[in-house]
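Asks: Sequence:
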Amino acid sequence: MGSISVDNMYENLCNILKAQGRVEKISKSFSEMTNDNDRVTVVYNLLADMQLLPSFQKLKIRSKNASESTRLRNEGNKLFQRKNDNEALKLYTQSIMCAPVSNLNESNSTDSISLGFANRSAVLFAKQKFEDCLKDIERAFEYEYPTKLRYKLLERKAKCCYNLGRLTEAEKYSVEALKCLSLAEGLSEEKRLQIEKELREFLKLPIKVNFPESSSPDLSHELPEKTYDQHPQIPCASLALKICYNPDMGRYVEAAENIRPGDILLVERPYASVLLPEFHSSHCSLCLRHSWSPVPCLHCTTVVYCSPQCRARAWELSHQVECSVLPALEQLDAGKFSLLSLRIVLIASCCGNSLPAFLQQLEALAQEEASANKATLGFDANGLYYSDAYGPIYHLVGNTETRTAGDLFRRAVTAACVLDCLQRMSSFFQTHGGDNGTASAAVGGVLLRHLQNLPCNAHEVTEYVRMQSTEGHHVAESIEIGAAAYATLSLLNHGCDPGVVRHSVAGDCVVLRALRPVRCGEQLLDNYGQHYALHPRSVRQAHLQSQYHFSCSCEPCLKDWPCYSNLPSTSPRYLCVKCCSQLLCEENATSVICSLCGEKTDLLVLQQKLLSSSKNFLQLLTKLLEGNELTDATPLVEHLELLDSRVERPWKEYSDCQETLKQCFNLQGNYYYR
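The sequence shown begins at 3 in my numbering and counts up one residue at a time.
Heads up, a few of these hints could be off.
To be verified - Using 30 Å as the maximum straight-line C-alpha spacing, the simulated DSS-like pairs for lysine-lysine come out as follows:
{"id": "1", "residue 1": "Lys-181", "residue 2": "Lys-193"}
{"id": "2", "residue 1": "Lys-580", "residue 2": "Lys-617"}
{"id": "3", "residue 1": "Lys-338", "residue 2": "Lys-60"}
{"id": "4", "residue 1": "Lys-625", "residue 2": "Lys-611"}
{"id": "5", "residue 1": "Lys-150", "residue 2": "Lys-174"}
{"id": "6", "residue 1": "Lys-244", "residue 2": "Lys-62"}
{"id": "7", "residue 1": "Lys-62", "residue 2": "Lys-30"}
{"id": "8", "residue 1": "Lys-625", "residue 2": "Lys-602"}
{"id": "9", "residue 1": "Lys-625", "residue 2": "Lys-561"}
{"id": "10", "residue 1": "Lys-664", "residue 2": "Lys-580"}
{"id": "11", "residue 1": "Lys-206", "residue 2": "Lys-129"}
{"id": "12", "residue 1": "Lys-338", "residue 2": "Lys-664"}
{"id": "13", "residue 1": "Lys-66", "residue 2": "Lys-199"}
{"id": "14", "residue 1": "Lys-129", "residue 2": "Lys-92"}
{"id": "15", "residue 1": "Lys-20", "residue 2": "Lys-92"}
{"id": "16", "residue 1": "Lys-129", "residue 2": "Lys-193"}
{"id": "17", "residue 1": "Lys-129", "residue 2": "Lys-62"}
{"id": "18", "residue 1": "Lys-30", "residue 2": "Lys-85"}
{"id": "19", "residue 1": "Lys-206", "residue 2": "Lys-244"}
{"id": "20", "residue 1": "Lys-92", "residue 2": "Lys-80"}
{"id": "21", "residue 1": "Lys-20", "residue 2": "Lys-30"}
{"id": "22", "residue 1": "Lys-376", "residue 2": "Lys-244"}
{"id": "23", "residue 1": "Lys-66", "residue 2": "Lys-80"}
{"id": "24", "residue 1": "Lys-85", "residue 2": "Lys-129"}
{"id": "25", "residue 1": "Lys-66", "residue 2": "Lys-85"}
{"id": "26", "residue 1": "Lys-199", "residue 2": "Lys-244"}
{"id": "27", "residue 1": "Lys-129", "residue 2": "Lys-199"}
{"id": "28", "residue 1": "Lys-654", "residue 2": "Lys-625"}
{"id": "29", "residue 1": "Lys-62", "residue 2": "Lys-92"}
{"id": "30", "residue 1": "Lys-193", "residue 2": "Lys-80"}
{"id": "31", "residue 1": "Lys-617", "residue 2": "Lys-664"}
{"id": "32", "residue 1": "Lys-150", "residue 2": "Lys-181"}
{"id": "33", "residue 1": "Lys-174", "residue 2": "Lys-193"}
{"id": "34", "residue 1": "Lys-80", "residue 2": "Lys-20"}
{"id": "35", "residue 1": "Lys-664", "residue 2": "Lys-654"}
{"id": "36", "residue 1": "Lys-30", "residue 2": "Lys-244"}
{"id": "37", "residue 1": "Lys-150", "residue 2": "Lys-62"}
{"id": "38", "residue 1": "Lys-625", "residue 2": "Lys-129"}
{"id": "39", "residue 1": "Lys-580", "residue 2": "Lys-654"}
It is worth saying that the hints were derived from the structure and are not from the lab.
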């Protein structure tokens with residue numbers, strides 16, 4: 003953490019108030035406030051009066067610089083020569099991010115970026131990322147790559163096309179490379195003849211029958227279809243879901259019909275999403291897709307995009323303001339929820355270009371919250387609940403009434419810092435004639451509102467990364483790359499034994515699948531990170547109370563299920579196939595009659611069926627543990643359904659089957675080889 007940070011400002015403010023003997027007075031007046039606008043205004047004035055707001059001149063914010071771009075490119079060259087392709091790729095991308103691109107008419111203004119794209123294309127070719135390599139070659143040409151070196155890129159372009167099976171193009175670019183060879187400078191005659199010979203031999207290569215598969219799965223696939231028809235009121239959800247409400251738990255989601263494991267229940271795009279800072283040079287700042295060949299922001303050195311289209315859209319939605327603000331917030335260690343709060347406000351206000359309309363919307367939403375039916379908050383006048391509307395995000399629960407004054411005070415400091423960045427480092431307020439107290443207070447207040455409701459409702463964006471270990475085996479892990487605000491997904495309550503699992507797809511989109519059979523009328527429960535198999539009940543309860551302000555009463559909590567290592571795996575207790583009650587089996591019995599419904603069960607047949615299904619499952623699990631990819635979930639779904647209907651939980655093999663099923667789903671989301 004740097005010497006200038008939001009946490010330091012909060013600590014310094016508290017220390018000064020303590021030294022002045024004002025803690026009790028400030029705490030009392032602050033705790034009596036009922037309005038987020040007032041909370042931020044008071045804290046902002048305190049920070050300003052005590053000169054604790056950051057001096058942005060002291061922040062180390064990197065700007066576009068041709069010399070720095072060249073230095074990074076040269077470092078990348080050294081790594082590439084040592085066959086350290088992944089690290090070279092990072093440095094080439096950083097070189098591209100630092101390269102000036104603002105004045106394309108200025109002499110040598112595009113050399114840094116064109117050379118950066120060209121050098122990165124070499125790494126991509128070595129990694130067999132041929133499509134990405136072609137993109138970078140075209141970008142190098144677009145930024146006036148030196149004529150004397152064009153033959154190199156044309157030769158590489160021809161080889162990419164050849165490896166992709168585009169043989170006519172491969173021949174075309176080989177011929178162009180031969181023509182450009184005459185324009186090359188600094189080549190000895192011997193070297194020139196050698197290159198010419200290699201190109202002519204390349205033209206004679208036989209036609210390939212099989213072309214190598216890409217070593218990276220394609221992340222650009224379409225979003226999956228929902229298993230059921232679309233919900234008439236909630237476009238991103240299926241008919242299998244139903245939104246309910248009661249005063250004790252607020253809104254929640256239940257199954258409108260019987261649901262099978264693997265069923266796709268919801269496919270939702272977020273209202274807004276942000277990357278964690280460590281992924282800013284490898285993932286698109288708009289859609290959060292991983293990219294091997296990203297393009298930089300044209301103005302700052304902080305972010306990249308998967309395409310020029312995403313770059314243009316990001317500028318329109320939020321980045322025209324974030325471009326100057328984001329580097330400062332990262333230096334201040336403001337945190338992901340600050341970045342997400344800011345992006346939500348920028349999108350909702352059209353980067354401040356519609357600030358008066360946004361302020362009017364905030365007033366209308368506040369009035370709606372005070373008077374409307376709690377069950378329909380966020381629904382529009384036509385009774386529809388849209389994920390791309392701001393209202394549903396505004397109305398997400400923030401638990402303000404259960405937070406301590408100290409908690410709100412700390413969050414108000416963060417909101418004040420974000421507000422200060424907007425005021426002093428951007429034109430956010432200037433579009434409509436400059437800042438005023440009312441606008442500033444309202445924006446600060448809504449930032450604080452989201453700093454309360456996002457920790458309770460935002461979700462992580464993840465990807466499944468497969469890499470080769472030092473022993474030569476492929477290992478995979480799920481990693482968090484960002485955070486997003488999903489209006490519909492946020493309505494699901496927590497369960498320590500969740501009935502659903504979510505996966506990030508195509509960047510920041512989320513797919514919600516059933517993880518076990520869910521009966522009609524049963525509440526659909528998500529997991530907020532505290533799972534019975536991983537955390538004991540006391541730890542789960544403490545964490546959920548601290549962050550989400552509720553006590554969990556799910557079955558594993560009520561019955562205190564053991565963690566995974568202590569789950570039973572022998573002597574199962576069987577269930578009646580008709581009424582699902584536990585069967586009371588006598589020792590060595592071959593059949594049993596259910597004491598509740600009278601259904602007879604042949605225990606020998608049941609045991610044989612379970613044994614056979616378990617054997618097939620264990621074979622699949624062994625393949626997975628050996629590094630094989632499981633893409634067909636059908637056998638897993640069938641085994642899980644059998645266990646769910648015939649064996650009482652908790653049961654270790656049930657958990658193993660669920661985890662294996664998750665791995666299948668991982669392969670259908672954000673998934674790539676590193």
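Asks: For a quick check of understanding: which of the numbered hints are violated here, in increasing order?
Replies: The structure conflicts with hints 6, 7, 8, 9, 13, 15, 17, 18, 19, 26, 34, 36, 37, although it agrees with all the remaining ones.
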